[in-house]
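Asks: What follows is the residue order along each chain.
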Amino acid sequence: MDTKDLIKNLSDSFGVTSFENCTFPLIEQFLLEINQDIKLEKIGIGNLVATYGQGNPKIAFFAHVDEIGIVISNIIDDTFARIEAVGGVDPRTLVGKRVCFRTENGEKLGVIGFLAPHLQKPEDKDKSPSFDELFVDFSVSGGTKDINVGDIGVINVEAKDLENDQIVGKAIDNRAGVAVLIKSFEYLQNLKFDGQLMLSFNKGEEVGLVGAKGAAEYLQPDYAVVVDVTFGERLPENVESFKIGEGPVITIGAPINRCVYDDLVKTAKDNNIKYQIEAVPSRSGTETDIVQIVGQGIKTGLVSVPILNMHSPSEVVNINDIDRAAKLLAMFALNMSLKTKGSLNV
Amino acid sequence: MRKYLKDLTELPGISSREEKVREYIKSQVEGKVNNITIDNLGNLICFVKGKDSSKKMMVDAHMDEVGFMVTKINDDGTLGISPVGGVDPRVIKSQRLKIEGVLNAVVNSTPIHLDKDIKRVIKYEEIKVYAGFSSKEEASKKVNLGDMVTFDTTYVEEGNYALSKAFDDRVGCSIMLDIIDYIYENKLQPAFDTYFNFATQEEVGLRGTGVAAARIKPDFALVLEGTTAGDNPENPPEKWATHIGNGPVITFMHSGLVIKKEMFETIVNAAKALNIKFQYKMRTAGGTNAAKLAKTMYGIPAGVISVPCRYIHSPLAILNIDDYNNTYSLVKELVTNNERWVNYERAH
Chain A
1 MDTKDLIKNL
11 SDSFGVTSFE
21 NCTFPLIEQF
31 LLEINQDIKL
41 EKIGIGNLVA
51 TYGQGNPKIA
61 FFAHVDEIGI
71 VISNIIDDTF
81 ARIEAVGGVD
91 PRTLVGKRVC
101 FRTENGEKLG
111 VIGFLAPHLQ
121 KPEDKDKSPS
131 FDELFVDFSV
141 SGGTKDINVG
151 DIGVINVEAK
161 DLENDQIVGK
171 AIDNRAGVAV
181 LIKSFEYLQN
191 LKFDGQLMLS
201 FNKGEEVGLV
211 GAKGAAEYLQ
221 PDYAVVVDVT
231 FGERLPENVE
241 SFKIGEGPVI
251 TIGAPINRCV
261 YDDLVKTAKD
271 NNIKYQIEAV
281 PSRSGTETDI
291 VQIVGQGIKT
301 GLVSVPILNM
311 HSPSEVVNIN
321 DIDRAAKLLA
331 MFALNMSLKT
341 KGSLNV
Chain B
1001 MRKYLKDLTE
1011 LPGISSREEK
1021 VREYIKSQVE
1031 GKVNNITIDN
1041 LGNLICFVKG
1051 KDSSKKMMVD
1061 AHMDEVGFMV
1071 TKINDDGTLG
1081 ISPVGGVDPR
1091 VIKSQRLKIE
1101 GVLNAVVNST
1111 PIHLDKDIKR
1121 VIKYEEIKVY
1131 AGFSSKEEAS
1141 KKVNLGDMVT
1151 FDTTYVEEGN
1161 YALSKAFDDR
1171 VGCSIMLDII
1181 DYIYENKLQP
1191 AFDTYFNFAT
1201 QEEVGLRGTG
1211 VAAARIKPDF
1221 ALVLEGTTAG
1231 DNPENPPEKW
1241 ATHIGNGPVI
1251 TFMHSGLVIK
1261 KEMFETIVNA
1271 AKALNIKFQY
1281 KMRTAGGTNA
1291 AKLAKTMYGI
1301 PAGVISVPCR
1311 YIHSPLAILN
1321 IDDYNNTYSL
1331 VKELVTNNER
1341 WVNYERAH
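Chains as they are written, first to last, in the numbering used here: chain A, 1 to 346; chain B, 1001 to 1348.
The set of hints was computed from the structure by calculation and includes no laboratory data.
Quick caveat: nothing in here was measured; it's all calculated off a predicted structure.
Check the hints yourself; a few may be wrong.
Restricting the straight-line Cα-Cα distance to at most 35 Å, the calculated cross-link-like pairs of lysine-lysine (DSBU-like) are [stated by the list, open to error]: (1) B:Lys1141 / A:Lys243; (2) B:Lys1072 / A:Lys274; (3) B:Lys1136 / A:Lys274; (4) B:Lys1136 / A:Lys243; (5) B:Lys1056 / A:Lys127; (6) A:Lys160 / B:Lys1020; (7) B:Lys1136 / A:Lys127; (8) A:Lys243 / B:Lys1123; (9) A:Lys266 / A:Lys192; (10) A:Lys127 / B:Lys1055.
In isolation and in its complexed conformation, chain B is listed as follows (with noise of 0.2 Å):
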């Protein structure tokens, strides 16, 4: 287990540029599952037959990260970038990054000698990307308008937990390869017929996994995230999100969804019923691919499991292993066990 999540979060991915992501994730479920489908946002949809054909059920996490797009060439060769998905201006000061994956590149920094107003906020329009180019033309040879830009971050893990960028959400794209792995070794069939989307376009405002759902069809779905936590020492204790090592994160609400309640509660047995430490999430700001699910089609209902993880949408992000193990036997159950959906399946 958690053997792929190293490499997935390396992986260069901003919305709308997946395909080393896609491509990674094909090459590993090949022959795994009984059919793949990659449609025309680029959504991979993973095929599983379960043992009751009656329903079908999405499990969805999303393949792209927040990054930034090369939107200028200045004449001096230097870049101008802007963000794909929400990053903070104040993370990518004299950040290291790559472009399209390959070539080295930095955010310009001001020596705080010429730059003496420490507490002002570098904003985008003033932020110069430089891979050492002396001009435009020079440039211009290597770069293109709309290249992908990446943090140049590596997987660490150490002890109990794991940094990198991309958790959010690589690791559930991870915890879904590992179910599918679970299922095929153990020569084990998902509780309903099981389509795995890995999904395309969330943080640029859930633009993939509806077009996934429209071919799909589900008829309820589980949505994989790494959330945020907020658990730093700057941020008191009540307005925090969730806590790293407090467990699997059950959303009952957020941005544009209440989260419906047969589904909450189904997702919140299983979790007493496997006896493993979970969370509530206690803020309900942010969105997931549920709220699109929600108003795709006849409207999907669609629950939310998340990995918490420190600073997401930064270079770094943290999270806690037990969370995300954790969080693999709440899905696996979910995924797996016809009886956690009885009551659910009673409702309606």
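This is chain A alone, in the form it adopts within the complex (with noise of 0.2 Å):
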């Protein structure tokens, strides 16, 4: 399976947080592609569940599936809406953006409009407007006559290829995440794993985690890997930054579980898979926070894939590191299933 394709795929497909159900046959086909020997599941609040070989060990690798957006919150006229976000959206980045709305009435393109220099006044030019001042324009959709206050949508763009190896997209966060799931479920082919390996891609974690707690609990793992992406920008001084195209993050921290981490570590080592250390004094901000704690505690760690420009259109990702954040998790499950097995022959 072609790294480019699957990321630049999963990226273009619409899924903001509520509509991932848009983006799950695609993921369904992915994986069927992969071997057709896999149970797909909708459990609880929506998350699809993916299930792999059975007894023990119990692995699961989690991902959330949607992507921050944007939400009509009023209609002005017939021409004209205002919007609010739908997750942690930066007003800037939505400036001269095309963006496209899901409606009863199909798909609708706007505009989020700025105005002209020429026009503008001098003491204006020195901020960046507000959701309360920007607004998208319908027309060349036929206007707002089709559209209705909480129409859910997003910036309008393609995935595209930069130079090596690079992808950009408006959806990296995290259909990176996803990516490297469907990937390491085909390196796995290749191995001899003997456990359960469940994939869970989970609804809701640009508004508050909300899908990845009902899996843990309905999954129940040994272990539990959660994939997400990372910040590739340079950090404030006294926190180690990571670089883009120099392999997975592996977190060490408070919402992970030490052994988990070292097994991650070994694995990388062992494999000579490129990886980067990322120290987490207290919550990650990814769904390990809610995972961990879920029933009687569940064995974390936290794999990300270094991006730029997250939770912008523009979203960067080297394709080798999705590709080798795969190829760690896969060793990973069969590390931990040697590992399981080994012991039960003591």
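Each chain sits in its own coordinate frame; assemble them with the hints.
Replies: Have a look at this one:
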């Protein structure tokens, strides 16, 4: 499976929080292409869970499927509407962008317009517009007559190639994680994995880790590894920065079980997989924050793909990082199954 | 009609780098006009013999669009850019760009998690463009200082509206091409000896058209533009410059020029005679090549007719198709019908 095609398809898919169902069929199709012998089910609040193999250990990989977006909050007149954010959207990233809304009358294209410099007042030039001031112009889709308050949209851009195996897309957060799960399943086909692998594609992360909790409760895995994205930008001076293209980031810290971290790092070292380390003092801001404390507690790890420009329509990922993370996860699953069987034999 | 608008707006061509637009236009007019000249500034001048050769009319639209130039290659492989013409830095955060029309690039955008001051304007001094290079050395193999950078925008037309970059002023170029086609296909002649000038370097200070006019030596000129609208919900109606859907825009005055009264009246009377919707430009900010022509040689009187466009100088402008069609009709009438100029000529 070509990783570039995989991530481009996933990133272009519409899947704002609460609309993950639009992306699930794509994920199912990719998984079934790899192996028909996989059980697909929707659980609880609607997460997609894929189960492969049986017995012990039970290893679960988590990735949230939803992307940030925008929602119609007010119709101004027959041309214009106001919007609010779904998840952490920087209003500055919306200026001068095409947006596309899912409505009951189909997809509607709009434009977040901006006054030409000729007509601006000098005193307005030093501040960027807030959500109160942004507006969507629906001229090119017949105006607002088919638009309703509550209709959800995204910035309308396609994934494209950049130099050096990099892809730019609107929803690399967290379709990169989704791609890692799918690719890890592909890698696993060539390994003598003996146990149960559960891939949980979760809803609602961007508005507060909605999906992961139910999935963790339902699956009760022996080990959970969350896959998400992290910053490829330079971080504050007291924190180690990561570089895209330099491998997946393995996290250590409070919301991570040390044993899972150790096994992930050992797996990476043993298999010559390039990796980076992130130290998280309190919360990771990912699904680990909830997964670890579900029920009687779950041994949890975190692997992140470093990206640039997170929460913008120009999120950039290096596909080699996706491949390396996928390989790391597959080898981790294998090692944990070998470890379990080994201990059972004693 | 309007068959060139999509191609014209999608082509990259910042000021002084209009060659792709010029080549495209040249290839479309060859065989349809009496003479084609490309002058030292890159203006493309297309001559069509008129019914009355006692007067020379110049019709002008500029080929260049606002965009950027690569002005620095950073050690980390990112690029520094500077605007060519007026581009507000607020419209480019996280935007998609094309370098030299071919290489994909993005405007880097620090995540909201790390840059929480969402009111702050990211200025050109901090903007970094990323094409995927990890070092200066690597970037320098494919990118050079001075390279052209444009918005990566595709044209969309739906219902009565079109959406694209560079309507300012490819829409003027498009109307000129449509009129050349109309004259050619109907085996007509324009009213006077007519020089269609596809101008260069308007956006960096009206630098192309005067040179073309010095060669043409016209008696008068019509300047075609894509102009500002400002008719959005954040701008109260009394501050609008124009309103899309209200027809061609006729200018009585703009920065650096009050349009000659007889010229203004000739245009208004033609619009009235055609019984088409038209509007006056209600704001005088911004200039056009007409201001340059007024100060060229003996002073060339020019009128200004524009298609109103929302959000010009951004990656996405919107125009109304009826406005386009009515602007075309109005300009076509003025270019082909000698009677429209009787009063103007009488005044001279």
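Asks: Hint by hint, note whether the structure agrees.
Replies: Going through the hints against the structure:
1. B:Lys1141 / A:Lys243: holds, 22 Å
2. B:Lys1072 / A:Lys274: holds, 32 Å
3. B:Lys1136 / A:Lys274: holds, 24 Å
4. B:Lys1136 / A:Lys243: It holds: about 16 Å lies between the C-alpha atoms, which stays within 35 Å.
5. B:Lys1056 / A:Lys127: Measuring from Cα to Cα gives roughly 49 Å; hence the hint is violated.
6. A:Lys160 / B:Lys1020: holds, 23 Å
7. B:Lys1136 / A:Lys127: holds, 32 Å
8. A:Lys243 / B:Lys1123: holds, 24 Å
9. A:Lys266 / A:Lys192: Within the cut-off at roughly 19 Å; holds.
10. A:Lys127 / B:Lys1055: Violated: Lys127 (chain A) and Lys1055 (chain B) sit about 51 Å apart, past 35 Å.
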